[in-house]
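Participant: Chain by chain, the residues run as shown.
Number of protein chains: 2
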Amino acid sequence: MKTYCKYGTHRVIEPLGVLPQAAYKIDSTPICYDNELLIDVDTLNIDSASFHQIKDVCNHDEIKMKMMILDIVNTQGKMQNPVTKSGGMLIGTVHKVGSAFHNQSLNKGDKIATLVSLSLTPLFIEEISSINLTNEQVNIKGKAILFDSGIYAVIPSDMNEKLALAALDVAGAPAQVQKLAKKNDIVFIIGAAGKSGMLCSYEAKKQVGKNGRVIGLVQNEQQKEMMIANQLCDEVFVGDALNSLETYEKMMKLTEGKLADLTINVVNVENTEMTSILSTKDQGIVYFFSMATSFTKAALGAEGIGKDVTMMIGNGYTKNHAEITLNILRESKEIYHLLVQKYV
Amino acid sequence: MKTYCKYGTHRVIEPLGVLPQAAYKIDSTPICYDNELLIDVDTLNIDSASFHQIKDVCNHDEIKMKMMILDIVNTQGKMQNPVTKSGGMLIGTVHKVGSAFHNQSLNKGDKIATLVSLSLTPLFIEEISSINLTNEQVNIKGKAILFDSGIYAVIPSDMNEKLALAALDVAGAPAQVQKLAKKNDIVFIIGAAGKSGMLCSYEAKKQVGKNGRVIGLVQNEQQKEMMIANQLCDEVFVGDALNSLETYEKMMKLTEGKLADLTINVVNVENTEMTSILSTKDQGIVYFFSMATSFTKAALGAEGIGKDVTMMIGNGYTKNHAEITLNILRESKEIYHLLVQKYV
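Residue numbers (the working numbering), protein chains in the order written: chain A, 370 to 713; chain B, 370 to 713.
I should point out that these hints are in silico values taken from the structure, not numbers from a laboratory. No residue lacks a Cβ here, since even glycine has one placed at the ideal position from N, Cα and C. Just to be clear, a hint being listed does not mean it is correct.
To be clear about the criterion: a stretch of chain A counts as covered by chain B if any three or more of its residues have a C-beta under 8 Å from a C-beta of chain B, and this derived list gives those stretches [to be verified]:
no., segment
1, 480-493
2, 515-524
3, 606-614
4, 659-669
5, 680-690
Kindly generate the complete structure, drawing on both the sequences and the hints.
Facilitator: See the structure below:
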């Protein structure tokens with residue numbers, strides 16, 4: 370008898386012994402094993418880097434793109450772009466809940482979004498109906514498997530699907546802020562006007578309370594006005610996240626030499642490690658959520674200036690992250706409207 | 370009047386506006402400004418990667434190597450290898466303490482080792498006396514500047530200089546373990562038989578107490594025997610740090626399904642992120658000390674399997690790290706002798 374692994378190694382075909390994400394080929398047979406969840410897939414939200422690579426190679430030709438996506442999925446059993454290695458998320462409805470799947474309260478027909486990458490999700494495509502070149506969504510008829518360790522969110526009935534997805538995509542960030550920001554803290558958000566940045570700013574303000582302060586660094590005056598008009602930060606300044614010293618001096622001034630207790634880096638550009646480290650006080654925390662972060666630049670940078678800060682690698686998953694993030698959209702009319710304008 | 374910056378930007382020549390580590394050229398004039406420390410340098414401990422690059426390019430010819438090192442330092446004002454970008458440390462004696470330097474208790478003639486990289490340290494070489502091709506030390510006559518933010522350790526009079534240096538080189542790791550390991554914890558050390566690994570194992574055992582457990586992963590039977598003979602871990606097993614699943618299953622067995630509260634990764638090979646994450650329990654901590662760690666592999670890996678672990682970037686500096694680490698050598702005869710065999 371076959372043993373089923375919570376991480377899905379029972380579906381790895383090649384090479385054997387690795388986890389599904391590292392595998393070249395996995396078994397996507399649309400049968401629900403005991404510890405799995407079988408999903409009727411409606412839409413693939415292809416990762417942006419992957420989608421652009423496919424679009425470029427196919428000269429924006431939808432038919433060629435369909436063939437390329439089908440070819441990848443048929444060959445590998447999953448939608449993992451062989452060049453960018455990235456995946457994306459999917460939306461669908463529950464088809465069957467395996468008898469040993471960890472959550473037995475899910476029902477057939479529940480609308481869910483998977484929060485683990487498509488790069489490790491067994492996917493079987495019957496047909497690609499359409500590709501939306503603007504919002505990077507691919508509508509399909511097909512089935513996918515979620516492993517027992519896989520995470521997902523039930524799409525709330527009180528919320529637009531695209532809005533929920535846009536928020537769920539970065540759900541880890543504000544949920545981590547909820548855990549890390551403490552009453553009366555000074556929190557510094559680098560890249561405060563982006564989607565993650567706004568959600569983090571809102572959550573930080575809630576946690577630090579009236580005597581705490583949330584300071585945001587944004588790229589231009591327009592963003593600054595937007596942040597102030599919506600009261601998402603206590604202070605906002607326009608600055609260059611690449612200019613470590615200028616940012617440090619600005620933070621020294623704004624905090625009267627105290628610097629930040631917690632710095633959240635959500636700016637998706639390289640070489641902002643030192644800016645984050647310098648702006649944080651000794652014994653403070655720097656949370657790197659940007660995928661552009663370099664491990665060695667952070668590690669050697671802090672040592673180089675003898676700065677005793679705790680540096681954390683952003684984990685896209687933390688307990689209740691989907692609920693925490695969707696609740697922000699329910700609580701804050703401002704963020705709700707800002708995201709509706711952008712994503713719906 | 371010139372303002373002196375604690376991070377040493379007053380000595381940056383090119384390009385202006387960056388910190389000394391990122392600068393191409395800094396001013397190494399051997400004059401002690403108010404907030405600086407001026408050092409008479411005896412020995413450069415060139416970083417291993419840098420030393421090998423120079424040795425290779427110069428065909429192991431000592432004269433050519435001397436010229437290459439002089440050329441780098443004369444051009445850049447610091448011993449930062451233009452290819453590897455790395456530096457090293459230095460040993461010397463205090464020549465002058467600036468009137469605004471943060472530690473006024475240092476005295477002329479005190480023997481110190483700098484704990485910030487040579488890649489940001491202004492260095493002026495008068496003469497290179499000799500190069501030791503075996504232990505990668507370069508004996509010179511010259512002067513160096515330590516900025517106000519720079520960290521250093523006074524070489525203890527009760528300890529061999531080379532032994533102290535070998536330990537100080539990795540001082541951050543055991544000092545972080547002292548802060549993170551708690552009573553009764555299960556601590557897992559990946560790469561337990563290396564220099565950092567042994568120091569971390571010892572410190573972890575001290576912190577977790579009798580009811581805690583320290584488990585070490587080592588590469589071969591010889592290392593296992595050494596670790597057991599010296600009682601550096603409670604359990605040691607031989608395993609492949611690249612094989613995530615095998616290691617995870619071994620840890621599941623050894624801990625009866627609990628997994629580690631704290632995992633310390635000190636193994637200097639790539640692709641051990643998933644092994645570290647899988648071996649750690651939910652809400653546990655993974656501390657990545659290995660410079661081979663990939664930020665994205667760690668971040669996406671944890672999310673991919675829905676694992677709620679705190680992942681930390683190893684900071685080579687933390688308060689009192691030198692003292693904590695040198696004290697291990699004073700307390701543990703076993704580690705003292707093991708390191709003397711290897712480094713003295």
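Participant: Of the hints stated earlier, which fail here?
Facilitator: Of the numbered hints given earlier, the structure breaks none, since each of them holds.
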